[in-house]
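Can you make the complete structure from the sequences, with help from the hints?
Protein chains in written order, with our numbering: chain A, 1 to 368; chain B, 1 to 526; chain C, 1 to 294.
Take the hints with a grain of salt, since some may be wrong.
Here are the in silico distance ranges between beta carbons for each label pair [what the hints assert, rightly or not]: (1) C:Ser-115 to A:Ala-31: 37 to 43 Å; (2) B:Arg-149 to C:Val-234: 38 to 44 Å; (3) B:Arg-79 to A:Arg-358: 39 to 45 Å; (4) C:Leu-8 to B:Asp-362: 28 to 34 Å; (5) B:Glu-239 to A:Arg-359: 49 to 55 Å.
A few chain C residues that don't get close to chain B, going by computed Cβ distances all over 12 Å [said to hold, decoys possible]: (6) His-108; (7) Ala-110; (8) His-170; (9) Ser-176; (10) Asp-212.
Every beta carbon over 10 Å from chain B, so not counted as near; a handful from chain C, in silico [said to hold, decoys possible]: (11) Leu-8; (12) Tyr-186; (13) His-208.
Since the hints were derived computationally from the structure, they do not count as laboratory data.
Positions of the beta carbon are idealized from the N, C-alpha and C atoms, including for glycine.
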Amino acid sequence: MSTTTPAAAASPAPPPSPAPAPRWRTQLEEALLPPLVAVLAAMVVGDLLILSVGQSPADVYGMLLTGTWGNAYGFGQVLFKATTLIFTGLSVALALRAGLFNVGAEGQLAAGGFAAALAGWLLPAGTPWLLAVPLCIVAAGVGGGVVGVVPGVLRARFGAHEVIVTIMLNFIVLALLNYVVSAHLHVPETLHTPDIGGGVIPRFGGPFTGSAANASLFVALLAAGLVWWYLFRTRRGYELRAVGLQPDAAEYAGVRVGGVWVRAMAVSGVLAGLGGINYVLGYKHYYEEGFAGGAGFLGIAVALVGRNDPVGIVLAALFFATLSQGGLAINAVVPKQMVEVMQGVVILAVAVSVPEVRRLLRQQRRAA
Amino acid sequence: MSQDSVHSTPSAAGAAAVRMAGIDKAFGPVRANRGATLEVGAGEIHALVGENGAGKSTLMRILSGMFTPDAGTVEVNGRDVTGWSTAQAIAAGVGMVHQHFMLVPTLSVAENVVLGTEPRRGLVLDRERARREVRALSERTGLRVDVDRAVSRLSVGEAQRVEILKALFRGARVLVLDEPTAVLSPPEVVELWNVLRGLRGEGATVVLITHRLDEVMEVSDHITVMRAGTTVGRMRTAETTPAGIARAMVGRDVALAAALTGEAAPPPRPPVAGGAPALEVRDLVVGAPGRPRAVDGISFQLMPGEILGIAGVEGNGQTELIEAIAGLEPAASGAIVLNGADVTARTVRERGEAGLSHVPEDRQRRGLMMDYSVADNLVLGQQHRFAKGMALDRARIAANADAQVRAYDVRPADPSLPARALSGGNQQKVVVAREMMRDFSVLLAAQPTRGVDVGAVEQIHDRIRAARDAGKAVLLVSAELNEVLALADRVAVMYAGRFAAVLPRAQATEEVLGPYMTGAHSEEAA
Amino acid sequence: MTVVIVFLLQTIRIAVPYLFAASGGMVAERAGVVSLTLEGFMLTGAFTATLGAYYSGSPWIGLLCGVAGGLVMGLLHAIASIRYGADQIVVGIAINLLVVGLTRFFLHLAFDSSSNSPRVAGFGGEGTSTGLGALAANPLVWMGLLLVPAMAWLVYRTPFGLRVRAVGEHPLAAASVGVPVARVRYVAVALSGMLAALGGVYLALDQHQFTDQMTAGRGFIALAAVIFGRWDPVRAALACLFFAAAETLQIQLQAFEIVPSQFVSIIPYVLTIVALAGVVGRSVPPAALGKPAE
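Structural data, given as structure tokens:
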């Protein structure tokens, strides 16, 4: 690679860079194809399951749609389920943008919900609504953030892999919450904490009456907007994404990688913890064991399908919420667990098709 | 290509163990081999020499089956084996010892040697036989190593012996060693020569890739010289001199080009007398994995308005030196003083604010965020200067990008493109533009024109000279001796973590520097 | 004296599924493939074993069906992770979710229940007695205990084991001497599917039925044992026994309420984090763990 030989000097100029149009197209294809493939794969598997119980796939999918987007109650339930998923999806995505895999959203969500319930319970009766709600929301964030920052510190300080640590922390957090609630805080004869005295987030009225949908949805959408702004418009976000993409270059740019890891896991935990307000402040008004119900793990699916982009996450959360609510709508003819299988297939297919689509597109480009 | 060297006629009789002819191999636009030939007689030690990037390793990887040639033929022991696989090469007795070891650190020496061809007793791995056979081979060849020790606990020299044992255990009769001495201490080198001579005594053939002429003279029987991807000479060691080999290695073309760039440049300026150094490094020691003293106690001063060029074969501590000054590697001991302030314990960002600018040697790993836009890359490392409160100031980033893209003629002139979409030369322009944008007094320029097209080379060289003329201090590291000679006011030669020589530009010619680069000479650093 | 014997028997009874799953996790991770799937493999094994035992009436057929189920899931993991180079952590989570859904769906379909299967045949004595006889009559107990030396032998004494260790640490070096990296990993992951499934088989046949999510996180305790045992078959087995002993202690002490049971139940998880953080002797994973080969 001698750069000064006359032969090299005589060589033609480097080939022109690709025109912008195909670049955008490939980027779009790389982003959209995997979720599409995944949804298709899930529908194929769904078809098989539906056929196995002797029903018609078209009818069942029709029922699924009318039971969710076809009436106000069903749609309200979809919005309610999507709200938690937006929070956990943002949580997983933010950590992934920093190159960390937060499998602990489930525990962080539970901790956030518990903290919100505790704050709401401790608040003196008659605390003004305008003070109580923000306090409880902050409590949820802090609860999740405290759990989230632990794996960040362990990774930055000791190199402990965050995947294992967050999995183990899920079990630890859930066991400790179980202890606190069952030994000290439960309402007799039940497995939940006392009702919150203040900090109730209002439910949607009008056509949505009866569904659990509540104003937490707006907090979730606000959070999505803020995460987008943070990631793509702030210096910290610029540095966080740099750490996730190329830690060596981030280090060169004067970014302290360990510090970013700690911060990203803390914020990720806060986001997952905020998810707790939807159920605790907006719906039941108490903390109950198992309320997270896998929404933390589903957050991984949401982030993955939403390609770690806040807009994509909102859409993916709606998709997964539709599936889980749709399960109830079809339960009369097909066991509702069909949708759990479909969720698993979606994640698996996205995981497989992301590298595969990239490879195929590259091959195609080379052949072109 | 000129062929001004003495040619010994390859023996026409079938005594050749390896015969490669007309080998072409391109990687994208880079033509690593073009019409390269090689003939190695059976039972000899054959040196394959040439500068970095001359195509030696590529040619040997073709021989060992890792690459398939685009054109040409490969014969081993008279049989046409063109385009064979690694497994076939191993089966036919061609073994390669790579520069980067292919050893599993957690396994023992014996396990590493037998991996893939394990001796078995029924279903079971016959560990006793493995240990016995490896130990016997080790004793017979003089490649002394404890067969039960985990490879992770071996010295580099011992690990290399394991690599050679691996090849021999698989019955290698043609052994290719890629720069084997780069990682060895002098006594280990002597031992290696004895081992290779012993193998030759048993009838094995050895091909030694190297660019150290003292080694070539000491151990080889024949020499093949490569330059710019092709074979430019073949000679009998006994009939040539280091000067003759060096002439063939460097060749007229390159000397001519150096002269051209040298003339185009303004004459080097005499160092500024007196005044305070912009950068002072004192007794700096920096470690690297497996090399606790990759930088082994270097001291120097860099004055404002001066370019100090560091020449030398890559891997002699240049990378670690630059990264330590930049704050990316911790200094084991010693001090780094920037404009009179000790910055040894300072962060990367603090050093930048104290007047340091850094064009890193690997732009795709360190220097650029490959998926960020050109505009965003033009503020990398200075992102806090382009922020309004928490938010990035997109308007200023865009204005800055437009200005820099125009000033440096980055093509295509679209700052929204990701850095990945740019050619190497345009990527490097982005890095240089950004680092020149800083308010700096010291510039670290590591391999500033590597993989860059000629037009961009000139532009980058002009920018570096302009910085010097504006009173900045420049520390230049380049594996291209021509580049050092074209830019530097003073030339240091780095060898084995130390400055083997520091010379004014006027005294630094290729003939003078060569022996320092190969470790043949050394003097206390000035 | 009898207290000690009861304690030991109970410990072994709890440890057997951990031993199976941890052996599987150990071999897959030693080959460089992340094993978050143990939970899913176990649940699969428990379910397919129940199906087999129910329809055939024989626990042995059940056992074979359990192994076959684990093999299928193992191959799914292997194809996604090795052939397609998918992120192994995501694949693991997906398979775990998928298995929960599949077992629930087919539990409905086969037995029209959302909670449990009907009673199926098991090994040895009736009921869930902790007696020595019942334990000794269960061939799975013996298989689980014999698995420990067998895995140590496989990993350290056979050519396959040597290759597993090599491809998990430095796949490029293994490939350079002709070791078929992908094939070794396929075999290791398929083996992990079958072994972990045996843990589930044991649970189902021991309780004579399948219940929804009956593995209840045991796959993750097994993974914790692998990490705490530093990816060594014998040390991982000792970790399994230790975790099982802690559980036994908790069960035995429950009546006295000395320590809240939740505090005992988190011992494996806390110890694993401590081991990973290197506070007492660092657990260092295989170097190529989670990285698809080029």
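Problem set entry | Verdict for B:Arg-79, A:Arg-358 (Cβ pair) under range 39 to 45 Å | holds (41 Å)
Exercise. In this structure, is the beta-carbon distance linking B:Arg-149 and C:Val-234 contained in 38 to 44 Å?
Worked result: Violated - the Cβ-Cβ distance for B:Arg-149 and C:Val-234, about 22 Å, lies outside 38 to 44 Å.
Exercise. Closest CB-CB distance from C:Tyr-186 to chain B, is it above 10 Å?
Worked result: The assertion about C:Tyr-186 holds, with a minimum of 17 Å to chain B.
For this session: Could you check the hint for me, namely that B:Glu-239 and A:Arg-359 are 49 to 55 Å apart, CB to CB?
Result: Taking Cβ atoms as reference, B:Glu-239 and A:Arg-359 lie about 53 Å apart, which means the hint holds.
Exercise. Would C:Ala-110 pass as off the interface with chain B, using Cβ distances and a cut of 12 Å?
Worked result: The claim stands: C:Ala-110 keeps its Cβ more than 12 Å from every Cβ of chain B (closest is about 40 Å).
For this session: Against chain B, does C:Asp-212 hold up as non-interface, every C-beta pair farther apart than 12 Å?
Result: Per Cβ check, C:Asp-212 is outside 12 Å of chain B; nearest 41 Å; holds.
Exercise. Non-interface claim for C:Ser-176: all C-beta distances to chain B beyond 12 Å?
Worked result: Check fails; 4 Å does not lie beyond 12 Å.
Exercise. Taking the CB of C:Leu-8 and the CB of B:Asp-362, does the distance hold inside 28 to 34 Å?
Worked result: Violated, at about 59 Å.
Problem set entry | Range agreement (Cβ of A:Ala-31 with Cβ of C:Ser-115, hint 37 to 43 Å) | holds (41 Å)
Problem set entry | Claimed clearance of chain B by C:His-208, with the beta carbon kept past 10 Å | Correct as stated: the minimum Cβ-Cβ distance to chain B is 37 Å, above 10 Å.
Problem set entry | No chain B beta carbon within 12 Å of C:His-108's | holds (44 Å)
For this session: May I ask you to check that C:Leu-8 keeps its beta-carbon over 10 Å from the closest beta-carbon of chain B?
Result: holds (33 Å)
Hint compliance for this structure: hints 2, 4, 8 and 9 are not met, and every other hint is.
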